[in-house]
Amino acid sequence: MAAKNLFGVIYMSTAKLEMLIVSLKPLHVVEHMASAKFVQRMDKSKIYQNELGKIIFSLQGFQQVLKDYGVKRYHFWASQQLIDDVTARYLAEQIEVRTGLAVTWLSTSQINFLRATALMGGTKLFHKIAERSTYLLSIGSVAATLSHFDHGQFVHAWNIGLGYLEIDQLTNDLRHAATDVSGIISDYIGSKLQALRHRLEAEGREANLILQDFSHFNDMLLQPGEDIAPMTQQQFQAIEQDNLHASQEYLRHHFKMDETAASRVIPSLLIIRQIISMTHAGHLYLTRLNILNGLALHQAAKDGFLKTDFDGIIRTVAENRARRYQSDDAHRAITLKLALHLYDQLKKLHRLGQRERLLLEIGVRLEDLGNFIQAHGHYRHSAYIIEANPVIGLSDDENEIIAEIARYHSAEAPEVRQHHYSHLGADIQMTVAKLVAIVRLADAMDDSRQQKIKSISVSVREDAVTITAHSMENLALEEWAFQRKAKLFREVYGIPAVLKQRRSLKK
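Residues in the sequence shown are numbered from 2 upward in steps of one, following our numbering.
Hints in this document: simulated from the structure, not taken from any laboratory.
Positions of the beta carbon are idealized from the N, C-alpha and C atoms, including for glycine.
Treat the hints with care, as some may be off.
With a cut-off of at most 30 Å between alpha-carbon atoms, the simulated DSS-like pairs for lysine-lysine come out as follows [stated by the list, open to error]:
#, residue 1, residue 2
1, LYS68, LYS303
2, LYS338, LYS453
3, LYS17, LYS45
4, LYS73, LYS26
5, LYS129, LYS348
Just the calculated beta-carbon pair ranges, DEER-fashion [said to hold, decoys possible]:
#, residue 1, residue 2, range
6, SER505, GLU202, 47 to 55 Å
7, THR317, GLN195, 21 to 29 Å
8, THR317, THR261, 44 to 52 Å
9, HIS281, ALA331, 29 to 37 Å
10, HIS33, GLU204, 32 to 40 Å
11, GLY184, VAL98, 44 to 52 Å
12, GLN154, ALA196, 23 to 31 Å
13, LYS125, GLY495, 49 to 57 Å
14, ALA4, HIS152, 35 to 43 Å
15, GLY101, GLU202, 46 to 54 Å
16, LYS488, THR261, 57 to 65 Å
17, LYS125, ASP330, 55 to 63 Å
18, THR261, ALA4, 31 to 39 Å
19, GLY305, GLY184, 53 to 61 Å
With these hints in hand, go ahead and build the complete structure from the sequences.
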């Protein structure tokens with residue numbers, strides 16, 4: 002096997018370190034390794050710091066294996082779900098000094114995205130399953146995630162406050178204080194799922210449910226090398242009956258696991274049972290495809306070995322959200338068309354890349370969500386909605402950028418004295434300013450919400466940017482709005498943007 006096609010994926014969750022060595026062409030796993038599990042303490046935010054010695058030892062071991070395989074290209078990712086930015090920077094520095102490995106921290110939305118794309122790009126069977134309504138359930142240390150697919154497309158993901166660390170704490174608190182621990186945990190799970198229950202039950206359609214990375218079930222029912230397979234309702238019920246009221250000692254021996262893992266079997270069963278009921282799941286599946294597989298797929302796509310459009314999933318999520326909040330479809334479409342055209346024609350001015358182009362696109366799709374709450378000051382409501390519901394697949398910084406695009410696309414412009422803008426890092430401030438300046442021009446050109454301008458031409462000179470609008474209609478309102486909103490463009494780019502009309506029907 003050619004070492005040049007091998008890639009090392011190293012991922013650190015709040016539970017352990019894992020590494021995949023994968024062949025990117027054809028895509029398959031060559032080696033899988035894992036560290037000893039981290040000790041789960043009550044102070045969740047200190048897990049990495051308390052296990053730093055184990056982390057360094059494991060990473061150095063992984064590096065030796067990569068060397069033995071002749072792997073030259075590899076990368077280290079880690080979950081940032083439990084730690085703040087400052088702690089993340091400290092840890093990254095400590096790890097890099099000792100191992101030479103730079104870490105890329107992943108947000109909750111990025112982790113959920115990788116879980117979903119691991120299936121979407123990792124197995125043909127998934128696409129057959131997901132032609133009908135399908136849910137993907139995974140339970141992590143911090144939260145449980147339920148993702149919804151329909152007609153083969155990603156629809157939405159919900160984060161539920163049912164992570165194993167929280168359940169561990171509840172179990173420990175109840176162990177010596179209550180006789181019906183399972184009953185209390187079941188009620189607690191039900192309370193956490195209540196907000197989601199009505200929405201899912203209203204669907205009314207029979208669905209599929211995929212259980213992701215439930216290793217204790219995978220070991221029992223998946224064959225070696227099998228990534229995804231059906232689990233019958235009878236098989237699940239048998240596991241439930243055998244283990245739901247079993248002692249911790251029995252579970253430890255039955256599943257050959259440590260005490261912490263054994264304590265999570267019963268809560269897992271209780272969560273699955275309630276999700277089955279809520280989603281009307283008629284067919285169950287198990288999969289061992291997880292975040293590491295998702296990272297490998299993204300690397301294969303980045304290197305040109307896969308043609309999967311992962312950014313398309315992010316676009317679909319944004320578009321679905323815009324429609325759910327009853328955003329004006331026609332205004333959104335023309336504003337997006339104009340904004341992207343401006344972005345592409347102004348490359349020499351903004352010097353931004355394809356990722357920023359995607360952020361501009363997502364920001365435009367979501368800028369008017371706030372109208373669902375109230376038209377007056379809708380831009381502030383839009384930003385709040387995005388902050389409360391980050392877009393899957395984007396980092397925390399990227400979600401912050403699109404929230405600021407939504408906040409400043411309309412009446413207000415970003416200024417240093419404004420709290421939301423001033424607290425951003427310098428690099429993010431500049432990206433926000435550049436993107437917002439473009440979006441404000443595009444938004445102004447449909448200020449009447451009548452799509453009078455069908456297309457534009459852009460001329461960039463040293464002293465001005467001239468935008469020629471092709472339209473046969475009266476553009477008095479658009480010209481007034483453009484003049485008002487173009488002030489930021491001049492401040493950011495140092496030259497004015499001028500709008501001219503050409504009375505033509507050019508498309």
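Results for each hint:
Restraint check for LYS68 and LYS303: satisfied, since their Cα atoms lie roughly 23 Å apart, inside the 30 Å limit. Distance check on the hinted pair: LYS338 and LYS453 sit about 13 Å apart at the alpha-carbon level, within 30 Å; holds. A C-alpha spacing of about 14 Å is found between LYS17 and LYS45, which places the hinted pair at or below 30 Å, so the restraint holds. As the CA atoms of LYS73 and LYS26 are separated by approximately 15 Å, the hinted pair is consistent with the 30 Å bound.
A C-alpha spacing of about 41 Å is found between LYS129 and LYS348, which places the hinted pair above 30 Å, so the restraint is violated. In this structure the supplied range 47 to 55 Å holds for SER505 paired with GLU202, their Cβ-Cβ distance being about 54 Å. Distance hint check: the CB atoms of THR317 and GLN195 are about 28 Å apart, consistent with the given range 21 to 29 Å. The hinted range of 44 to 52 Å is not satisfied by THR317 and THR261, whose Cβ atoms lie roughly 37 Å apart.
The hint said 29 to 37 Å for the Cβ distance between HIS281 and ALA331, and at roughly 35 Å that hint holds. Separated by about 36 Å at the C-beta atoms, HIS33 and GLU204 satisfy the suggested range of 32 to 40 Å. Range check, GLY184 to VAL98: Cβ separation about 50 Å, and the 44 to 52 Å hint holds. Between GLN154 and ALA196 the Cβ separation comes to about 24 Å, which falls inside the hinted range of 23 to 31 Å.
LYS125 and GLY495 have their C-beta atoms about 52 Å apart, which keeps the hinted 49 to 57 Å range intact. Judged by the Cβ atoms, the range 35 to 43 Å given for ALA4 and HIS152 holds: they are separated by roughly 40 Å. At about 52 Å, the beta-carbon gap between GLY101 and GLU202 stays in the expected band of 46 to 54 Å. Checked against the hint of 57 to 65 Å, the C-beta distance between LYS488 and THR261 comes to roughly 58 Å, which is consistent with it.
Taking 55 to 63 Å as the suggested C-beta distance range, the pair LYS125 and ASP330 does not conform, at roughly 34 Å. Range check, THR261 to ALA4: about 38 Å between beta-carbon atoms, so the 31 to 39 Å window is met. In this structure the supplied range 53 to 61 Å holds for GLY305 paired with GLY184, their Cβ-Cβ distance being about 54 Å.
In this structure, the earlier hints numbered 5, 8 and 17 are contradicted, and the remaining ones agree with it.
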